[in-house]
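K.L.:
If you read the protein sequences in the order shown, they are chains A and B. Take 1 as the starting number for the first sequence in this note's numbering and just add one per residue. Take 1 as the starting number for the second sequence in this note's numbering and just add one per residue.
One or more of the hints may lead you astray.
Unchecked claim - From chain A, some residues computed to sit far from chain B (all C-beta separations above 12 Å):
1) L15
2) S40
3) G41
4) G49
5) T50
6) L51
7) L56
8) L58
9) Q60
10) G62
11) R76
12) F107
Said to hold, decoys possible - List of simulated lysine to aspartate or glutamate pairs, EDC-like, C-alpha gap at most 20 Å:
13) A:K57 x B:D631
14) B:K749 x B:D527
15) A:K78 x B:D631
16) B:K697 x B:D631
17) B:K67 x B:E128
18) A:K78 x A:D42
19) B:K20 x A:E59
20) B:K67 x B:E147
21) B:K67 x A:E59
22) A:K78 x B:E26
23) A:K78 x B:D527
24) A:K78 x B:E21
25) A:K88 x A:E59
Don't read these hints as lab results, they were simulated from the structure. Source: prediction; values computed, not measured. Just so you know, even glycine gets a beta-carbon here, dropped at the ideal spot from N, CA and C.
Each chain is listed here by its residues.
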Amino acid sequence: MTADKKDVWQGTLALMALKTLEMLGPLHGYGIARRIEQTSGDLLAVNYGTLYPALLKLEQEGYISSEWGVSDNNRRAKYYKLTRAGRKQLEREARDWVQTTAILARFLESSG
Amino acid sequence: MMKVTTLRAWFARLGGLFGKERRDRELAEEMESHLQMHIEDNLRAGMSPEEARRQALIRMGGVEQVKETYRDRRGIPWLESLLQDLRFGLRMLRKNPGFAAVAVITLALGIGGTTSVFSIVDRTLFREPPYPNADRLVSFGVVAPIEPREFMLAPEYVVWRAHQTPFEAMTSMMPGGAGCDLTEQNAVHLTCALVEPTFLPTLGVQPILGRNFTHEQGLPHAPRVALVSYGLWRARFGGDPSIVGRSISLDGQPTLVVGVLPETFEMPTLGQADLLIPETLDEGALRRDNPITILRTFAKLKPNVTTAQASSALQPLFQDSLQYVPAQFRNEVRLSVRSLRDYQTRDVRLRSWMLFGAVLAVLLVACANVASLLLARAANRQGEMAVRAALGASGARLVRQTLTESLLLGVMGGAIGCWLAYELVRLFTSIAPGSAVHPQQAALNLRAVSFAAGTSLFCGFFFGLVPALRRPAPQSLTGQDARTTSRGPLRHALVASQIAVSLVLLACTALFLQSLWNLQRAPLGLDAENLEIAQITLAPYRYPQAARQLEFFSELEMRLRQIPGVSSLALSDSLPPSGPMRATIYARIEIAGRAPFAAGTGGMVGWRAVTPEYFFALRIPMLRGRAFTEDDRAPGHDPIILSDSLARRLFAGENPLGHSLRFGLQGPWRIVVGVAANVKNNGLEAQADPEFYIPWKQDEAETSYRTAYIVLRTPLSPETIATWVRTEVASLDTTVPVPVATMGQRVGKLMQVPRFNAVLLSLFAAVAVVLSAIGIYGVVGFLVNERTREIGIRMALGATPRAVLALVLGSMIAWTTAGALAGVLGGWFASRLLRSLVFQIRAHDLWAIGAAVALQFVTVLLACWIPARRAMRVDPMVALRYE
């Protein structure tokens, strides 16, 4: 856990969490965090202080639902699951992101 | 879409305010399982158990911070702290039920009173009349001595209507409602308003059923049609929609109902109207037959035209019309264009403002009281606030907490105040004279309730802010007596302002009570004891000619003479002290052998036709000459009796008896046979107009005699007389209604408005005085409490009770005097403003202000005395051990 890792900012954290849930199905908070870190090739560090409030916000907005379950190691954990609204939201957000990054990339190329 | 999710999230967060413990537990459990999984992963990665746990904890960061952010997201933080403050505030109030009760009741009195009066004066002061585009509706016409409100003569109106430019539409109606009878089974007497067919469209009103009058229905000899008011439609026709197109019998003639008016419809004159009937305006016929038909005229301005512009645009037409006015009167005739709202409310506006001002003053005193209470409590709670500040509460947070508590008081006071207002409005409308309150306008509607809510929030904010802005002093933390700040000038200033405000109220009340007293003792010029009055009005369709009317009354007079126990009986076509009276212009009175009066119109002179016993029955003294005799009623005799004021004006000290005079150019010459004492004839408050009397003849075809007042002087009970009169009238014509009242009741009716004002003002002033007394008592009592120890020390060192009294009351007296001075000044200004509402009182009557000051002074003394006495009896031993 070194200092040069980037913190994930809020908006993208929600998107990453949604994507993770889409890929892996129902998952607990710790799993989501680890998966994001792994996918980023350990370039990102998930701040748990923001992860749980972000998950709560997604749940309040109806994009995910939660349920207590039992983990692989027989541990009680809260599992988050993507809802239909969440799936749509993910599509929309992903599309927006792709577009934004494309524009930004083009902009950086042309001015670079 | 975004909106829906946001809303959904807010609902979830609102839900998050409940079941906190369970959610907190769940979060803790989730964090714990997260931590455990991390540790297991670390173990699997080959760390030692201690290292695995340590790393996981580091990575996790502050669990409490996570929980804190999580909680903020879960609920709504500001709402949570608000709820917390509310809970705390309620608990504080429950702990201090006495304080809470006094504060809430004080506020409820203020808010309840204000709201009830607001709902009564709202329509007059703050709202447009209930028509679309009411801001463009105007009343216009000429103002002349014969009629103080603008009017138009019908022939002129027709010309103006054809040539005017500033108005989009223009309409007219006959002033006053004409009586009309619904002559079907269960005949009833109704009020019909004669209006031009353009009346409703100009006002922007649509009938709810049927349709408005057409142009053709306003032409001469058109079939008779009518629009029915909503009230009549419901009451008489059971709300049956098929009324439209049905024929009803009105004054004995078939009349077609063409529509029903909306429930909210009001006449622009605020008069009564059960039915609208089209008026016919035929210029030629009008000039020929009835050139002095008076119309009330209303118009709708074109967009962006002001009344001043309209007035100047009408000037040419007005100048043209002036040529029909006799030259000597011309400079007394003016053109007037004013908003409908002004037309409706000018006469009652000052009265309404006075009531509203009075009740606002009560509210102010109430607020000052509560502020003073809160200040005292804030002084007691300085320690608590200092602790909170020391524990990290920000200044804003403390202000918020204090404000929440005072707003809580405000809302509670407002809620009770609403209930009080509801009861008060019912009370006011039941005791209010008809002309003071329009019942359909005075209801506790949504506007009034919002006003109450606004007021209570404002009050809560206003009196809460003062103590809230006080920063707790750090030394309060020491637990030492740090309450010295409460002795500051703020509470004294509050008391001074209370005294000033209630003094103004008292002065106004004294003024009105004095006016009422003057009114009650003002000589009427007649003896109202044992007088019974029957008013008989004949329907024109049954008695179309004056001859038939006179015949009816002669017959009735003869029959009534048979009633035993009546000491005198008189007939008259009008009756003092108020009500319509025939009138003529002073300049039209011509004395034989003298030049006519040439300086303008000279104002109005009233006249009545009376039977010989009139003066005797009313006990109006004859100052000179004689009263009429039976012989005077015979044809060929034309005597006249002048009132004292008219005789003085016409003959200026000369003996008028024997002079001949006539009024109206064609009238017969009449010989002055007597001068009668002046009688109030213009209401109780106004100066009496000069008047004269002519004999009530058996036959006189010129004037109509539709209405007669039958005056009976009798020691018999009013009920007995009423029954007899009704029986005699019914034996002549069963359809004639006979309202009977005593002269005392008729006079009493005129006293209603002044009495209503005085009662209301007295009520408000009493509340204000009691509240300010409570305020003074509170302040002095608090001072004494606070300084008990100091007083004890002083007494132990030899201070006399007198010195202690001076210590306690010293500052109080200074502030009271300041308040009283301000109050006297305010009272003086207020009574000047209200001068037009009171009767026979010179502008700055010292009696009223003096009485007010004296009463206020006694109250202050009483309120100070109790706590001051306690101070003088402080036992030094007890006081020194105090605390």
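K.L.:
Can we trust that A:L15 is non-interface, i.e. its beta-carbon lies farther than 12 Å from all of chain B?
P.N.:
holds (15 Å)
K.L.:
When you look at the beta carbon of A:L51, is every beta carbon of chain B farther off than 12 Å?
P.N.:
At roughly 9 Å from the nearest Cβ of chain B, A:L51 sits no farther out than 12 Å, so the non-interface label is violated.
K.L.:
Are the Cα positions of B:K67 and B:E147 separated by 20 Å at most?
P.N.:
This hinted pair is violated, its Cα atoms lying about 81 Å apart.
K.L.:
Within a Cα-Cα threshold of 20 Å, do B:K697 and B:D631 meet the stated pairing?
P.N.:
Holds, at about 10 Å.
K.L.:
Does the structure keep A:K78 and B:E26 at a Cα separation of 20 Å or less?
P.N.:
holds (9 Å)
K.L.:
Per the stated criterion, does the least C-beta distance between A:R76 and chain B lie above 12 Å, as a non-interface residue requires?
P.N.:
Given a closest Cβ separation of 6 Å, the condition is violated.
K.L.:
Does B:K749 pair with B:D527 here, judged by a C-alpha cut-off of 20 Å?
P.N.:
holds (16 Å)
K.L.:
Can the restraint linking B:K67 and B:E128 be considered satisfied, given a maximum Cα separation of 20 Å?
P.N.:
violated (57 Å)
K.L.:
Confirm or reject: A:G49 is not an interface residue toward chain B, with every Cβ-Cβ distance exceeding 12 Å.
P.N.:
Contrary to the label, A:G49 does not stay out of reach of chain B, its closest Cβ about 5 Å off (not over 12 Å).
K.L.:
Regarding the assertion that A:Q60 does not contact chain B, is the least Cβ-Cβ distance greater than 12 Å?
P.N.:
violated (4 Å)
K.L.:
Far enough from chain B: is every CB of that chain over 12 Å from the CB of A:L56?
P.N.:
violated (5 Å)
K.L.:
Please settle this one: A:F107 was flagged as non-interface, so is its CB more than 12 Å from every CB on chain B?
P.N.:
holds (27 Å)
Hint check: violations occur at hints 4, 5, 6, 7, 8, 9, 10, 11, 13, 15, 17, 18, 20, 23; the rest are consistent with the structure.
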